[in-house]
Amino acid sequence: MDLSGLHLFDPTLVDSVRHTVAAAQDQIAGALHALAPGWVPDGGDYGSPDPGDGGRIDTVEAPGEKPSTVPPDKKVVEGSLEKKDTPGAGSPTSSVDFSIWGIVSRADPIAKAVIAILSVASVWSWAIIFEKVIALRAVNSRSDKFEDRFWSGGSVDQLFDEVGRRPNSPMAALFAAAMREWRQSTTPDHTGHQTILGGVKERIERVMHVTLGREMSRLERNVGFLATVGATAPFIGLFGTVWGIMSSFQHIAIQKNTNLATVAPGISEALFATALGLLAAIPAVIAYNRFSGELDRYAHRLEGFTGEFTAIVSRQLEGGVR
Numbered sequence: 063m064d065l066s067g068l069h070l071f072d073p074t075l076v077d078s079v080r081h082t083v084a085a086a087q088d089q090i091a092g093a094l095h096a097l098a099p100g101w102v103p104d105g106g107d108y109g110s111p112d113p114g115d116g117g118r119i120d121t122v123e124a125p126g127e128k129p130s131t132v133p134p135d136k137k138v139v140e141g142s143l144e145k146k147d148t149p150g151a152g153s154p155t156s157s158v159d160f161s162i163w164g165i166v167s168r169a170d171p172i173a174k175a176v177i178a179i180l181s182v183a184s185v186w187s188w189a190i191i192f193e194k195v196i197a198l199r200a201v202n203s204r205s206d207k208f209e210d211r212f213w214s215g216g217s218v219d220q221l222f223d224e225v226g227r228r229p230n231s232p233m234a235a236l237f238a239a240a241m242r243e244w245r246q247s248t249t250p251d252h253t254g255h256q257t258i259l260g261g262v263k264e265r266i267e268r269v270m271h272v273t274l275g276r277e278m279s280r281l282e283r284n285v286g287f288l289a290t291v292g293a294t295a296p297f298i299g300l301f302g303t304v305w306g307i308m309s310s311f312q313h314i315a316i317q318k319n320t321n322l323a324t325v326a327p328g329i330s331e332a333l334f335a336t337a338l339g340l341l342a343a344i345p346a347v348i349a350y351n352r353f354s355g356e357l358d359r360y361a362h363r364l365e366g367f368t369g370e371f372t373a374i375v376s377r378q379l380e381g382g383v384r
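Heads up: the sequence shown is residues 63 to 384, going by my numbering.
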């Protein structure tokens, strides 16, 4: 049977199908190009069939695009591949100021209040430290000089006349108070002899203890503030730390972003509050412990002088006034 004249498909129908497929491919390519401008299909762009070329499909570039030079085995899909930022160039945190002034200016009112409190406490602590170092050094030096003169064997009346009005050290103040009570307790009689009133030793001892307490209170003034700063500054800094972390979480929730630019400012404020609290507390604790030890030693020194002076008075009373 001769089948050469039999056509399985109508050529007109085949051409219509080809044009329909080509139009659909062009629409798909246009849609994909709109979603991803750099999209290149595997093996080249879809093209339109050439009816006169045996159904071969020529490569057709996307409208407005230059011919692609990307190898067929590599797909470049812009927008679907993650872009890598060059370090230091265009980084989200490169414009954030992490200096001390930048952190303070960025902080909210509560964080600024914490920073202000800790800063004032630190400055005041250092002022007290310098003042006490100078004062205790001067007190010990003047007390050494007074003790040398007291035990040199000279007249106590002459020494009282020199330092009694304006004692320049707590030890000199104890001596002046005791001598003042001694002179008030001894009165001359009609013959010119000194008459000692009863209980003079107890009164002198009491006056010296009262003077000792007053002088030590003056020396210990503001030392308690160092203990307060040392005990509370770390907790104030911890409060600032917690507040800064809470602020960071709030920014994350608002911006719905967890990158470094969102988290870093709040964390820096939190760590700065912690560092400032430790900066205020550590010197205050060290200075308080040192000053407490020096003041205790000086108080024992004054108590020893009080006991020695009352012993001298007791010997005077037992041997009679000379």
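Calculated from the structure, these hints are not laboratory results. Keep in mind that a hint or two might mislead.
Quick list of simulated restraints, FRET-style, between CB atoms [stated by the list, open to error]:
(1) 206 x 286: 39 to 45 Å
(2) 344 x 272: 35 to 41 Å
(3) 284 x 376: 34 to 40 Å
Values in this document were obtained by computation on a predicted structure and should not be read as measured data. All C-beta atoms, glycine included, are put in the ideal place defined by N, C-alpha and C.
* Can you name, in rising order, the numbers of the hints this structure does not satisfy? -> 1
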